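Next come the chains, spelled out residue by residue.
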Amino acid sequence: ETGVTQSPTHLIKTRGQQVTLRCSSQSGHNTVSWYQQALGQGPQFIFQYYREEENGRGNFPPRFSGLQFPNYSSELNVNALELDDSALYLCASSFRSGSRTGELFFGEGSRLTVL
Amino acid sequence: GIQVEQSPPDLILQEGANSTLRCNFSDSVNNLQWFHQNPWGQLINLFYIPSGTKQNGRLSATTVATERYSLLYISSSQTTDSGVYFCAVEARWDGGYNKLIFGAGTRLAVHP
Numbered sequence: 001e002t003g004v005t006q007s008p009t010h011l012i013k014t015r016g017q018q019v020t021l022r023c024s025s026q027s028g029h030n031t032v033s034w035y036q037q038a039l040g041q042g043p044q045f046i047f048q049y050y051r052e053e054e055n056g057r058g059n060f061p062p063r064f065s066g067l068q069f070p071n072y073s074s075e076l077n078v079n080a081l082e083l084d085d086s087a088l089y090l091c092a093s094s095f096r097s098g099s100r101t102g103e104l105f106f107g108e109g110s111r112l113t114v115l
Numbered sequence: 001g002i003q004v005e006q007s008p009p010d011l012i013l014q015e016g017a018n019s020t021l022r023c024n025f026s027d028s029v030n031n032l033q034w035f036h037q038n039p040w041g042q043l044i045n046l047f048y049i050p051s052g053t054k055q056n057g058r059l060s061a062t063t064v065a066t067e068r069y070s071l072l073y074i075s076s077s078q079t080t081d082s083g084v085y086f087c088a089v090e091a092r093w094d095g096g097y098n099k100l101i102f103g104a105g106t107r108l109a110v111h112p
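So the protein lines, in turn, are chains A and B.
Start counting the first sequence at 1; every next residue gets the next number (the numbering used here).
Start counting the second sequence at 1; every next residue gets the next number (the numbering used here).
Just so you know, these hints were derived from the structure itself, not from any lab.
Values in this document were obtained by computation on a predicted structure and should not be read as measured data.
Here a beta-carbon is modelled for each residue, glycine too, at the ideal position from N, C-alpha and C.
Each hint should be verified, as a subset may be incorrect.
Partner residues are not named here, just some residues of chain B that face chain A (Cβ under 8 Å, in silico) [as the list claims (entries may be wrong)]:
1. Leu43
2. Asn56
3. Lys99
Some residues of chain A that are not near chain B, with every Cβ distance over 12 Å (derived) [stated by the list, open to error]:
4. Ser7
5. Ile12
6. Lys13
7. Gly42
8. Phe47
9. Gln48
10. Ala80
11. Asp85
12. Glu103
13. Glu108
14. Ser110
Computed list of chain A residues with no C-beta within reach of chain B, every gap over 12 Å [as the list claims (entries may be wrong)]:
15. Phe64
16. Ser65
17. Glu82
Only chain B is shown next, with the shape it has when bound in the complex (with noise of 0.2 Å):
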């Protein structure tokens, strides 16, 4: 089946910093989306993207379909950014069901 490679694992910001997080898969997807778990369990959507890029405030996703990556950028980092980001992927149809498949997730901690 469809593997999926999140990195870095954990990440450590100061408040106000940058970073880019990353999602590789190892088949062709016919869904990519880009989650955000916060601390009570909830999976906030950020992104549903297949291919392209999406911005959305200080959040912005790129899916490189063609070369099986997508990357998550966080521009401004502020405390409520904390938690675990996840990627997760539809394999293309089979001729059966589709199902996401999670990566392992990315932990982020914002430091004031």
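Looking at chain A on its own, in the form it has when it is part of the complex (with noise of 0.2 Å):
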């Protein structure tokens, strides 16, 4: 128990639709970061947010985006969904001080399939 919650946990959205994920961060924590996992695959870095704005993103197109609000919950949304967007998408809570992001502690994940 992380005390990192997810929301939902599976869906299935057709090819061209949005989602939007949902995150609860562990209390005490003020960084949220979200990976994307394919299957097989270990998990990718999509982007942070620290203080309510975006500190950093990988390599994911602008479709993807987030929202960190002053309790520290946070939100995924992808828009103009694709196939390969189907995967395990993880959302990590942890507590930064300065230049450290700390220990990372994950949620469940939301499993998305794009059909």
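Join the two chains into one complex using the hints; note that each chain is given alone, in its own frame.
Encoded structure:
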């Protein structure tokens, strides 16, 4: 039990649709990161939010966007869904102090299927 | 960017056996974590170990930062140890942001 919760756990969308995934951070944490994990691969960094601002982005197009709220919860939005967006989306929370992100704790993930 | 290599990619054990998983990384790191991903996809924290040695029950880990590798030891393996083990590293601060870079994982199957 990491204290990081994600919703929904599973969802099915069709190509071209939009999706919003949600994450509640562990109490006391101020940083949220999102990762995409395709089947059989390791998680890939999408972006990180700190103090409600995007603080870094991996190799993902602008149709992947996010928000962090004052209570440190977060959303991941994906527009114009493509078949390759089918994956497990993982949210991680941590406490950032200075330049160090600290230990990351992951939620159970949201499994997205795009048909 | 920093590269993370895990070995072996696949491992099959008989219950009760011991094993060592290795993680090599190509640059200095601020953070190194070991995770176990269960069949439902949850990443479970095993160790936060940028350097030194830690033990937790049947599991232990050692990171030799100067030589850029980390080892995860599993002793007296059980069927519940099955799953994928990931090593993930955070590169030293480069004036921007930090992110965890994951290796490809070691897939462990423990048979009774």
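Here's how the hints hold up against the structure:
1. Leu43: Hint holds; leucine 43 of chain B Cβ to chain A Cβ min 4 Å, cut 8 Å.
2. Asn56: violated, 14 Å
3. Lys99: holds, 4 Å
4. Ser7: Serine 7 of chain A is indeed farther than 12 Å from all Cβ atoms of chain B, at 14 Å.
5. Ile12: holds, 16 Å
6. Lys13: holds, 18 Å
7. Gly42: Non-interface label fails for glycine 42 of chain A: nearest chain B Cβ at 4 Å, not farther than 12 Å.
8. Phe47: violated, 9 Å
9. Gln48: The assertion about glutamine 48 of chain A is violated, with a minimum of 6 Å to chain B.
10. Ala80: holds, 25 Å
11. Asp85: holds, 16 Å
12. Glu103: Violated, since 4 Å does not exceed 12 Å.
13. Glu108: For glutamate 108 of chain A, whose nearest Cβ neighbour in chain B is about 5 Å away, the distance does not exceed 12 Å, so it is violated.
14. Ser110: Per Cβ check, serine 110 of chain A is inside 12 Å of chain B; nearest 10 Å; violated.
15. Phe64: holds, 14 Å
16. Ser65: Per Cβ check, serine 65 of chain A is outside 12 Å of chain B; nearest 17 Å; holds.
17. Glu82: At about 21 Å from chain B, glutamate 82 of chain A clears the 12 Å cut-off, so the statement holds.
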